[in-house]
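Student: Each chain, letter by letter, is given below.
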Amino acid sequence: MSITTSAAAASQDAPSAKPARRKVRLTDRSRHERNLGWLLAGPAFIVMVAVTGYPILNAIWLSLFDYRLTDPSGREFIGLSNYGMILTDGLFWQQFGITTFITVVTVAVELVLGFALAMVMHRALYLRTPLRTAILVPYGIITVVSAYAWAYAFSNTYGFVNPMLGLGEFDWFGGTWSALFAVCVAEIWKTTPFMSLLLLAGLAQIPDDYLEAAKVDGAKAWQRVKRVILPNMKAAIMVALLFRTLDAFRIFDSIFIMTAGAQNTETLSFLAYRQTISRVMIGLGSAVSVILAILVVLIAFLFLKVFKTDLSQTRGDRK
Amino acid sequence: MPRRRIRTAAVTSLTLFAAALTGCGGGDGGSTTLSYFIADGPQQDVAERCAAESGGAYDFNIQRLPNTAAGGREQLLRRLAAEDRSLDIVSVDPPYMAEFANAGFLRQFTDAERQEFSEGILKGPLEQSLFRDAMWSAPLYGNTQLLWYRKSVLQKAGVDPAAGPVTWDQLIQGATKAGVTLAGQGRRNESLMVWVNALVASAGGSILAEGSQNVPADQVQGELDSEAGAAAVKIMHDLAVSPAAPAGFTTAGEEDSRAAFQAGNGGFMVNWPYVWAAFDTAIEEGSLPPDFKDDVGWAAYPRVEAGTPSAAPSGGLGLSISAFSDKQDLAVEAIRCLRTAQSQKEFMISAGNPAALGEVFNDPEIREMFPMADQIRDGMNEATPRPVSPYYGDVTGSIQAGFHPPDDLNPQTTPREANQLLEDVLSNRRLI
Numbered sequence: 000m001s002i003t004t005s006a007a008a009a010s011q012d013a014p015s016a017k018p019a020r021r022k023v024r025l026t027d028r029s030r031h032e033r034n035l036g037w038l039l040a041g042p043a044f045i046v047m048v049a050v051t052g053y054p055i056l057n058a059i060w061l062s063l064f065d066y067r068l069t070d071p072s073g074r075e076f077i078g079l080s081n082y083g084m085i086l087t088d089g090l091f092w093q094q095f096g097i098t099t100f101i102t103v104v105t106v107a108v109e110l111v112l113g114f115a116l117a118m119v120m121h122r123a124l125y126l127r128t129p130l131r132t133a134i135l136v137p138y139g140i141i142t143v144v145s146a147y148a149w150a151y152a153f154s155n156t157y158g159f160v161n162p163m164l165g166l167g168e169f170d171w172f173g174g175t176w177s178a179l180f181a182v183c184v185a186e187i188w189k190t191t192p193f194m195s196l197l198l199l200a201g202l203a204q205i206p207d208d209y210l211e212a213a214k215v216d217g218a219k220a221w222q223r224v225k226r227v228i229l230p231n232m233k234a235a236i237m238v239a240l241l242f243r244t245l246d247a248f249r250i251f252d253s254i255f256i257m258t259a260g261a262q263n264t265e266t267l268s269f270l271a272y273r274q275t276i277s278r279v280m281i282g283l284g285s286a287v288s289v290i291l292a293i294l295v296v297l298i299a300f301l302f303l304k305v306f307k308t309d310l311s312q313t314r315g316d317r318k
Numbered sequence: 000m001p002r003r004r005i006r007t008a009a010v011t012s013l014t015l016f017a018a019a020l021t022g023c024g025g026g027d028g029g030s031t032t033l034s035y036f037i038a039d040g041p042q043q044d045v046a047e048r049c050a051a052e053s054g055g056a057y058d059f060n061i062q063r064l065p066n067t068a069a070g071g072r073e074q075l076l077r078r079l080a081a082e083d084r085s086l087d088i089v090s091v092d093p094p095y096m097a098e099f100a101n102a103g104f105l106r107q108f109t110d111a112e113r114q115e116f117s118e119g120i121l122k123g124p125l126e127q128s129l130f131r132d133a134m135w136s137a138p139l140y141g142n143t144q145l146l147w148y149r150k151s152v153l154q155k156a157g158v159d160p161a162a163g164p165v166t167w168d169q170l171i172q173g174a175t176k177a178g179v180t181l182a183g184q185g186r187r188n189e190s191l192m193v194w195v196n197a198l199v200a201s202a203g204g205s206i207l208a209e210g211s212q213n214v215p216a217d218q219v220q221g222e223l224d225s226e227a228g229a230a231a232v233k234i235m236h237d238l239a240v241s242p243a244a245p246a247g248f249t250t251a252g253e254e255d256s257r258a259a260f261q262a263g264n265g266g267f268m269v270n271w272p273y274v275w276a277a278f279d280t281a282i283e284e285g286s287l288p289p290d291f292k293d294d295v296g297w298a299a300y301p302r303v304e305a306g307t308p309s310a311a312p313s314g315g316l317g318l319s320i321s322a323f324s325d326k327q328d329l330a331v332e333a334i335r336c337l338r339t340a341q342s343q344k345e346f347m348i349s350a351g352n353p354a355a356l357g358e359v360f361n362d363p364e365i366r367e368m369f370p371m372a373d374q375i376r377d378g379m380n381e382a383t384p385r386p387v388s389p390y391y392g393d394v395t396g397s398i399q400a401g402f403h404p405p406d407d408l409n410p411q412t413t414p415r416e417a418n419q420l421l422e423d424v425l426s427n428r429r430l431i
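These protein sequences, in sequence, are chains A and B. With numbering that gives the first Met the number 0 applied, the first sequence covers 0 to 318. With numbering that gives the first Met the number 0 applied, the second sequence covers 0 to 431.
Same shape as in the complex, but just chain A (with noise of 0.2 Å):
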């Protein structure tokens, strides 16, 4: 349904000028199914408000003061100072270093094995659904349950993981990379399903009639993949990317199970977490999860800049 003409019928009104706006006469139908639809969706877009946007703008209301929960009478408007404070301290920078490692490491690792994985499905002739299904097991997995998993076959004195590398009593957790490698197998083993998963949904878009015209053509299998299937799934690709990505920048609960933090393990979302729930500091916690918050926009602009790809085309919106 289109309230406004169409640039074409406005040229015909005004060649010269630039193309005029002009309400169309809604009919009696169109009113009705228009009102019927804004009280249809009224209520669930007053809940969304509510619950999602009331806590934001509270956040960032709250984030400029010096606020510990435990002190209500102390309460003070410090303008904003926390801003200042989180962004000189060193553990801040620190923590946005292991952040952006994890993230880095993990995602790049799970979009090979995801490629890898969704041309397998893909592919795949025989057992296909049982395929699929126990590819996409770990991704069924609740995280903090694959977490004690992982800590657990970690572990130095039950694990599997050390008697397999003939590693001894080797602490995994007892150092800051060897802890990280743990968390980040374990982040790349629960989410690489759902990787392969988008990436499939690519790859099931590319026409068949492609890669035949390239194999007549004579290209290899590699340049099959580099000239036709990768162009043409920029934006399964970055779907993917960006979603993954956005997942592991604000990576807690995996961490919380294994390392707890120690050993610099801490991310950003373990800084929020540490200020607001264990300190109780609300005003500090705040203004970490809105650095957070504002960190995960940038990450999902810079790939949109970066790949110029517009989703909507690709839903069909427009043409």
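Bear in mind the hints are in silico, worked out from the structure with no lab data behind them. Since the model is a prediction, treat every value here as computed from it, not as a measurement. Mixed in with the good hints, there may be bad ones.
[As the list claims (entries may be wrong)] Some chain A residues judged to face chain B by a derived CB distance under 10 Å, without partners named:
(1) I55
(2) I59
(3) D70
(4) P71
(5) I85
(6) Q94
(7) E168
(8) D170
(9) W171
(10) G173
(11) G174
(12) A261
(13) S268
Where a beta carbon is used, it is the ideal one built from N, C-alpha and C, also for glycine.
Assemble the complex: chain A is given as a structure, and chain B must be docked to it using the hints.
Tutor: The following block gives chain B in isolation, referenced to the frame of chain A:
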């Protein structure tokens, strides 16, 4: 579409919306039902007995808190800060009580109630139930750590804790010489704070300056940059880098320590008395030989210097009443039953949690089950509670950040840096 149908659809939609909003409401289960937040299973058994004995005067709606002390604190904090009226009696880990009391979340016990709930309570549990000379928690049970050892390794180690107090240095050297482990808790959580506090106190110091509980957060001063602080750091580092440290020492909690002690090269361990009952369970399950306990001995918590007393860690649980409860008088009545000697004996038998009442240790059944009963009682009398502070969350967080990992600590720099971190965090100048 006719207007009437639109109106009907809108009314239906709004009705559903209103129903969704009000759907969260609920009753309190009746005016004599007390909502009781428990920290462990045996509390439920005792509560059920008390409710039955009350003759219908009160009943309990039992709610289980998370397993860890920090998790329990976080849940109670959130609920109490929201002035949740569905809480009546809450189980509070003693170090966090001052935080709750300072925030106005708890009901202060009256002088008469304080007198009643203090009578016969051992020194450690009693001290940690008070804040600014008022009682906010009725001690339900206490706790203290002991030194546990394998009798079979003593001769080779050249150290005998049964013959008299031993120091940490003696233990580290003895365990190294015998090729066995000295298990402790090096994990970055509350157990690390317990260890640091015991070491600093035994060396004659304290984590916070005297009077810290009465000043605003930004005026709290630490006392870690001292000889006592350096002595504590030296012991932690020496143990962490010595061959006596079990594998994974820097990530070991209480259960990891017990596993290390039970292993073939286990020698010494500092831990809470629950391990005695846990040995029985392991024997029943077949993971330990039936005669394992014959080889286990116990002694007072190690000291820092031969000439200074040890400062055994103090733990336990207290029962507090929510300031927002509508049934505070009924809650006091219930607490009278929940904390009786009989109840405390039941906690000790079922979970190995030592009673806070001294008289329970004279019970023949307790003495038979816990041959180290006198040692536990003495430990609880000599125990040094963790700092009583309305900002305890920040204090323990700073200590855990400043003293971890133990193998990276340096007696020359750690005390000063940890002290600075503590004061900066309390003044909202740094993050942890």
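Student: All hints are to be evaluated individually against the structure, with a verdict given for each.
Tutor: Structure-based check of each hint:
With a least beta-carbon distance of about 20 Å to chain B, the hint placing I55 of chain A at the interface is violated under the 10 Å criterion. At its closest, the beta carbon of I59 of chain A sits 19 Å from a beta carbon of chain B; the interface hint therefore is violated under the 10 Å criterion. The closest approach between the C-beta of D70 of chain A and any C-beta of chain B is roughly 7 Å, which is under the 10 Å cut-off, so the hint is satisfied. At a threshold of 10 Å, the smallest CB-CB gap from P71 of chain A to chain B is about 7 Å, leaving the interface hint in force.
Taking 10 Å as the C-beta contact cut-off toward chain B, the hint placing I85 of chain A at the interface holds, the least distance being around 7 Å. Given hint, Q94 of chain A at the interface with chain B, holds; its Cβ is 9 Å from that chain's nearest Cβ, closer than 10 Å. For the restraint placing E168 of chain A at the interface with chain B, the shortest Cβ-Cβ distance is roughly 4 Å, inside the 10 Å limit, so the hint holds. Checking D170 of chain A against chain B: minimum C-beta separation of about 4 Å stays under 10 Å; hint holds.
Taking 10 Å as the C-beta contact cut-off toward chain B, the hint placing W171 of chain A at the interface holds, the least distance being around 9 Å. Proximity of G173 of chain A to chain B holds as hinted, the smallest CB-CB distance being about 5 Å (cut-off 10 Å). The interface hint given for G174 of chain A is met, as the beta carbon of that residue sits about 9 Å from the closest beta carbon of chain B, less than 10 Å. The beta carbon of A261 of chain A is positioned within 10 Å of a beta carbon in chain B (closest approach about 4 Å), and the interface hint is therefore held.
Against a cut-off of 10 Å between C-beta atoms, the interface hint on S268 of chain A is violated, since the closest Cβ of chain B lies about 14 Å away.
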